[in-house]
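**Student:** Protein sequence lines, in the order shown, are assigned to chains R and B.
With the numbering used here, letter number 326 in the first sequence gets 359, and the count goes up by one each step, no holes.
With the numbering used here, letter number 432 in the second sequence gets 465, and the count goes up by one each step, no holes.
Check before you lean on any hint, since a few could be wrong.
[What the hints assert, rightly or not] Beyond 10 Å from chain B on every Cβ pair, some chain R residues (computed):
1) 300
2) 309
3) 434
4) 499
[Claimed, not checked] List of simulated lysine to aspartate or glutamate pairs, EDC-like, C-alpha gap at most 20 Å:
5) B:501 x B:490
6) R:38 x B:364
7) R:501 x R:364
8) B:38 x R:107
9) B:37 x R:434
10) B:38 x R:369
11) R:372 x B:490
12) R:38 x B:490
13) R:37 x R:142
14) B:372 x R:107
15) B:38 x R:142
16) R:507 x R:490
17) R:38 x B:434
18) B:504 x B:323
19) R:37 x B:490
20) B:37 x R:364
21) R:72 x R:142
22) R:37 x B:434
23) B:106 x B:202
24) R:37 x B:369
25) R:148 x R:210
If you're looking for bench data, these hints aren't it; they were derived computationally from the structure.
For every residue, glycine included, the Cβ atom is placed at its ideal position computed from N, Cα and C.
Number of protein chains: 2
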Amino acid sequence: NDWKKGSRLLSGLVGSNVLLFSSALLTCVFTEDIDIFEKDFLIFLTIMMAICILWMLFQMYFTWKNKNAVLYKDCQAGPIWMRVGIILFGIGALVMTSLKIAYTAEFEDCVTPTKITQPVIQALFILVQTCFLWVSCKHCVQIYLNATRCFLMVLLAVNLTIWILTVTEESRHHTNELQAYLYRNNSETNISDLSEDPDERENVNICGCKYTCAVNKTVFVYLYPFNIEYNLFAAAMIYIMWKNVGRQIDENASFHHGLGPGVRQHIPLLGLFTGLAVLITGLVMFIMYEVGRENLHKQWLSLSTFYFFHVTSLAVMCLANVVGIVIFKLDKRNMDNQKNPSRTLDMVLLLLATVGQYAISYYSIIAMVSTVPFGLLCGLTLTYSVLMIIQHSLQNVFIIEGLHRLPPSNLLNAHQGTSHLRTVDHHDAVRRRSMPERESRLSLTNHPRNERISRRETLTQHIKSHLKKRKTMKDVYLFLFLCNLIFWIMPAFGARIRFDTGLEVNFYGFSLWAIITNICLPFGIFYRMHAAASLLELYSMS
Amino acid sequence: NDWKKGSRLLSGLVGSNVLLFSSALLTCVFTEDIDIFEKDFLIFLTIMMAICILWMLFQMYFTWKNKNAVLYKDCQAGPIWMRVGIILFGIGALVMTSLKIAYTAEFEDCVTPTKITQPVIQALFILVQTCFLWVSCKHCVQIYLNATRCFLMVLLAVNLTIWILTVTEESRHHTNELQAYLYRNNSETNISDLSEDPDERENVNICGCKYTCAVNKTVFVYLYPFNIEYNLFAAAMIYIMWKNVGRQIDENASFHHGLGPGVRQHIPLLGLFTGLAVLITGLVMFIMYEVGRENLHKQWLSLSTFYFFHVTSLAVMCLANVVGIVIFKLDKRNMDNQKNPSRTLDMVLLLLATVGQYAISYYSIIAMVSTVPFGLLCGLTLTYSVLMIIQHSLQNVFIIEGLHRLPPSNLLNAHQGTSHLRTVDHHDAVRRRSMPERESRLSLTNHPRNERISRRETLTQHIKSHLKKRKTMKDVYLFLFLCNLIFWIMPAFGARIRFDTGLEVNFYGFSLWAIITNICLPFGIFYRMHAAASLLELYSMS
């Protein structure tokens, strides 16, 4: 009779202390005199990562050797798209770390042992962690419960720390770039120095490159999103492992997604083409926008067009969500109320991440309503913000309801089962009767047989309409998945449209609006990625 | 087969939107040009409060009239100390609102309809809400589930908005005061103007008082803590009501706290006296500290003494927590793993509120470690921060384990029950035997009887040691309750010791440290209040 909550509490306290301490150090790094604290922070992070690497290696060896360590597996944890995702993002993170090592090594004179050790250990950490999660994300560990929980929490804290670090670095980079951009726009002179970090400039001045500065810092800025997603994915998987420590699951409970005939083969062409249309339009617009930004004097894609694309695609996404919800209401099913840590985490993360977009949208709405000359761009921004809130709300309702619906196989099986049972019963009853009675009843059997045929017809019709609904659902899922993907790509790779209009910046002032954006936008980006992942899961289940 | 989560999700989305919108407005009030947004915000708040008042009146009438509306009551929700607490804090909040009305009415020329309507509606809101919560905090509403959930969430959002508003106003007041204090200290001249709000000064200058400015704004600053606690208590109770909507409870499951003989009568003198000693010492020191602050030139109680008191009492509290945890380990009981929304909320709130104190302590530790001339005050601050982290962790483990332990009555009953059962069995078996056999066994019965007596003796001894442990627990609970109370009173009524030393302020700069304190300290204050309440509950259950 072990008390799970007590042990969880202990590991939670350990993890939160590690996380809070590193956050406090991180705040110092980004506000105080950089040199001292950056070194301290890097040492701390390196030590923590080394501890995690050792534990993960130990745990993998231990689990492989001791057959009693893992008796059960949670088949809902770590679905295949998540495991593939972590490998893809892991490769991205690894490339970024390698570039970082190369970049650091270039400045021969300024390389300190900490500055070069940290990325090397981080690369090792990414490698070991990816292996570890691939191997053991489904495990329900049964021995050394307390130690396992504590180390998992430390690992979670380390991942979140790296996440915060990356997000802050990226935000700082974008903010510096925007500030320079706005400054350039205002003064109409080309001061290119401001676009770089003061830190970086200093490096170049003092240290001097070894190999003609081949690796530019701006190259690996585009790899930040991979690193960010990698750590978030890892954190989610570790949390599920932590929840599953000591859990005992009935292995027989298989989770078949009961695909009806013709649903698996069905290729949702409508969803695919409309989704791809949005995705490609978005990509083209995004690239034009990015190119246009670099080249100041060219007449680049006007912001209103870009906004217009955002507004229309959000409206279409809202429509798709509404269609999905309506089909859910028509195609009634039982809800799954069973305990499922992965699903609960998905739900909580979706809802928490929504708060970021809600907040930034409300701030934007207030600013737009108060802006006195209410122009076209004002109207577009206002519509965009309102649609953003509506779309997030609808999509949350849609995804969460979808995740909780039981597969329809029960329904079909039940129908077939009972009809089959009934006919057997009927035959049995008939056989048991004496011959004369049977013959006298022969005239009557026609009627039930007809009834049975009509019953089968309605059943077929029911199944057909049911299958049609499910095929439509596949379209909706695929379309929304592709839309969420493009809405992830644009902000993750640097589009800050709420900054570029200058409307909110004028209202709130640069620093306040930068704070609001830098806090809320990472959640917004995470939301899109997570929603896309959930939609992919729903698609594979439908 | 209604799906609870779907309806909860809907109401949660409504509530979070209301809360985020009002937070966004509130940010504008506290950063932008005040006049416009303050008016907008007050109008919004007044409308929301009016809607809540109407709904609460309707709900109370409806529940009273329709007997089917509430079929079940959750007897764990709204314990008596919480209901008494809400009335006490409600009176405080009401007094504060009345003073606010009087203060606003004084400036005859500047009174706008919004400025006078808002406090009047707020007073009404406090009155109606207190009635509503007193009457229906235990209800599990069974009809109009969706509407009830949504309105409860709106009510929760309104309470949290008022809480954020009050906390921000209080923080601003304290920050202004501290800034003025530090400025005075530095420049050694007495500029009394700075201690007042610029807003207030303006009022006095332009409007002019009607009745000789009898109600000073500083008078009701001391009533802020009541208002803050009132809204938090209300929010907690509303959340429990929301969780209980549509819940069906077995009414027969009574939650007896099985007091052993002599435990209820036992007055924990040791805990009472040591606790009162800490409380009174703390109060005296706090008053001396406050008086000393006002009078600059007097040699007031030195900060080191005040710090020393904090450090020693924290150390004693840690000790008491350790004693409590050890007794828990000795006095093994079964853990209650049943669903209990009130307890889960208590747990989550305690843990979340801890994060505030953890964060501020880690920031302080980093600052202290980096301060170069490491003086006495540095050492005291460092010890204080480390002890704060340890004490919070221990206390959380202690309270959460305490809340989950099942009452010992089962244990005692089980002991008595089985022994009783066994004797009956024995008698029965004896009676069934034939006389000769019985007589032949008479010589043997002496042995079991002796054994039974010795068994009873060990049982009595077991009970005695058990009761002794429980009496000690009462001491521990009472002592910790009183300690937490004084640690609530000091910061809630204005002690900002981490500011007064000037060590952290020098390190982080005034504005950054003010931000850290203003975000973290409200959580710290809430933690103390909440821990005191939980300890009181444990005391009444022990």
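**Student:** Of the hints stated earlier, which fail here?
**Tutor:** Numbers 3, 8, 11, 12, 13, 14, 15, 16, 18, 19, 23 and 25 - these are the hints that the structure violates, sorted from lowest upward.
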